[in-house]
Amino acid sequence: MPISSLPNEFGIGSLGREAYEYADFVKEMGFAYWQVLPVGPTSFGDSPYQSFSAFAGNPYFISLDRLKEDGLLQEEELEEYQVESSDVIDYAQIYQTRFCILKKAFLRSTHYEMPEFKKFCEENTYWLDDYCLYMAVKNASFDQEWSLWEEDIKFRKPEAVKKYKKELEQEIEFYRFLQYEFRIQWNALKKYVNSLGIQMIGDIPLYVAMDSADVWVHPSLFELDKELKEVNIAGVPPDIFSKDGQRWGNPIYNWEHMEREDFNWWRRRMQASASLYDVIRIDHFIGIVNYWSIPAKDKTAVGGQWKMGPGEKLVKVINESIGNAKIIAEDLGVLTPAVKKVMKKAGYPGMKVLEFGLDGNPANEYLPHNYITNNIITYIGTHDNETLVGFLNGKKRKDISRLLTFFSIRKRADLPAAVIRCMFASISNVVMIQMQDLLFLDNKARMNYPSTLGGNWIWRMQKEQYPLIDTGYYKKLCHMYNR
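Mapped onto my numbering, the consecutive letters of the sequence shown carry residue numbers 1 to 483.
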């Protein structure tokens with residue numbers, strides 16, 4: 001359940017009351033994990049995988065109710081920002097209005113007097129000041145990406161940095177306040193979730209967005225030319241899902257330079273992630289071992305080529321940086337022998353997607369009866385896949401007939417529940433179900449269509465949908481299959 005998808009009356013999910021109610025719901029079902037999508041500030045396209053920072057939190061997730069409880073907002077001010085209940089997020093509306101009310105809270109705040117605030121700033125010096133300056137300059141530049149800024153600040157010339165810090169002092173402090181509030185609210189929620197015996201699984205993208213504080217501040221860590229333009233970008237090659245492959249557009253890491261710096265940026269990033277989550281899912285983990293490098297001038301991913309990543313060297317750094325946190329490696333894609341070797345040595349659990357197994361091939365590795373280890377996390381589908389009901393709705397009659405036989409049921413209407421039960425009965429250490437699939441929703445609730453822009457990441461749950469889920473049934477499944 002992404003934070004953005006939690007129900008509330010302010011247009012997008014937050015770290016407020018509804019998040020605590022959701023945690024109670026997870027506990028009531030007997031579940032032990034709550035997985036979220038990346039929680040960084042989103043940019044153009046609203047994708048949590050294209051964030052302005054690999055370290056910062058999304059200001060949209062700051063609970064307005066909590067700010068009211070702290071005396072920073074008034075009830076009548078909140079009423080102005082309440083929106084009609086909807087199962088989709090209107091990002092345009094939130095972009096135009098949310099920072100206005102957050103600015104009111106900031107102007108009333110005395111956070112700068114609090115020891116906790118000073119401690120937060122001290123613990124996050126590596127990224128916080130640079131990120132806040134980046135956002136302040138971006139705001140002053142009509143939200144232009146940093147590559148289009150004035151040359152002096154684009155190249156971070158010392159005199160320009162000094163000038164903008166002085167001119168935008170209050171705006172910089174505003175963004176610092178937002179990060180402090182996000183972290184205070186996140187920490188409180190995580191503490192509550194953990195007290196229920198539930199662990200938080202967080203998702204981090206392998207790559208960062210070109211228009212991010214990370215690339216602006218550390219251009220030498222990426223494959224950029226002298227004009228700070230991308231030389232090569234990330235993606236995946238053509239496959240059965242896309243004849244042109246996927247051209248993600250993220251700049252490729254300059255792994256050699258990173259290694260010379262002892263992967264310091266990655267150390268900091270993993271330390272920051274481990275302070276947020278109990279378990280960290282690294283999206284596109286295979287790119288650490290081998291990655292698809294696409295010339296930035298190419299319009300599709302077809303002309304890319306495979307290159308070798310740092311592999312075990314980076315895994316060692318990750319393990320040294322995360323303390324007691326654990327790792328899930330998203331290993332979907334081309335599993336070369338090199339990837340398998342790194343995965344085995346690291347001991348990280350990989351992923352199985354049950355939807356991938358329902359193609360009629362009894363030897364399909366994604367079918368539970370073919371699992372050869374329990375060190376895996378099994379999903380019905382991820383945020384990039386169809387909902388279970390949507391997936392089954394697209395099947396032909398002969399395929400449905402075969403699935404009815406496979407799951408030993410008679411009625412098509414019983415298939416979604418049978419698929420979920422099959423997953424529970426597997427040897428997989430952890431099984432993960434999207435909320436949309438617990439609600440048996442069709443593809444109108446699908447989270448993302450890869451390689452498309454617009455209409456993604458918008459699904460939201462409604463409060464009145466909670467009673468539609470038989471929590472007692474899932475608690476029995478957990479007991480029955482020793483979960």
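Accuracy of the hints is not assured; some may be wrong.
Computed spacing ranges between beta-carbons, pair by pair [claimed, not checked]:
1) L107 / S220: 36 to 42 Å
2) Y192 / K344: 47 to 53 Å
3) S85 / T405: 38 to 44 Å
4) E173 / Q144: 19 to 25 Å
5) Y192 / E312: 33 to 39 Å
6) K395 / S220: 46 to 52 Å
Hints listed in this document are in silico derivations from the structure and should not be mistaken for laboratory results. No residue lacks a Cβ here, since even glycine has one placed at the ideal position from N, Cα and C.
How the hints compare with the structure:
no., hint, result
1, L107 / S220: 36 to 42 Å, "holds, 38 Å"
2, Y192 / K344: 47 to 53 Å, "violated, 36 Å"
3, S85 / T405: 38 to 44 Å, "holds, 41 Å"
4, E173 / Q144: 19 to 25 Å, "holds, 22 Å"
5, Y192 / E312: 33 to 39 Å, "holds, 37 Å"
6, K395 / S220: 46 to 52 Å, "holds, 50 Å"
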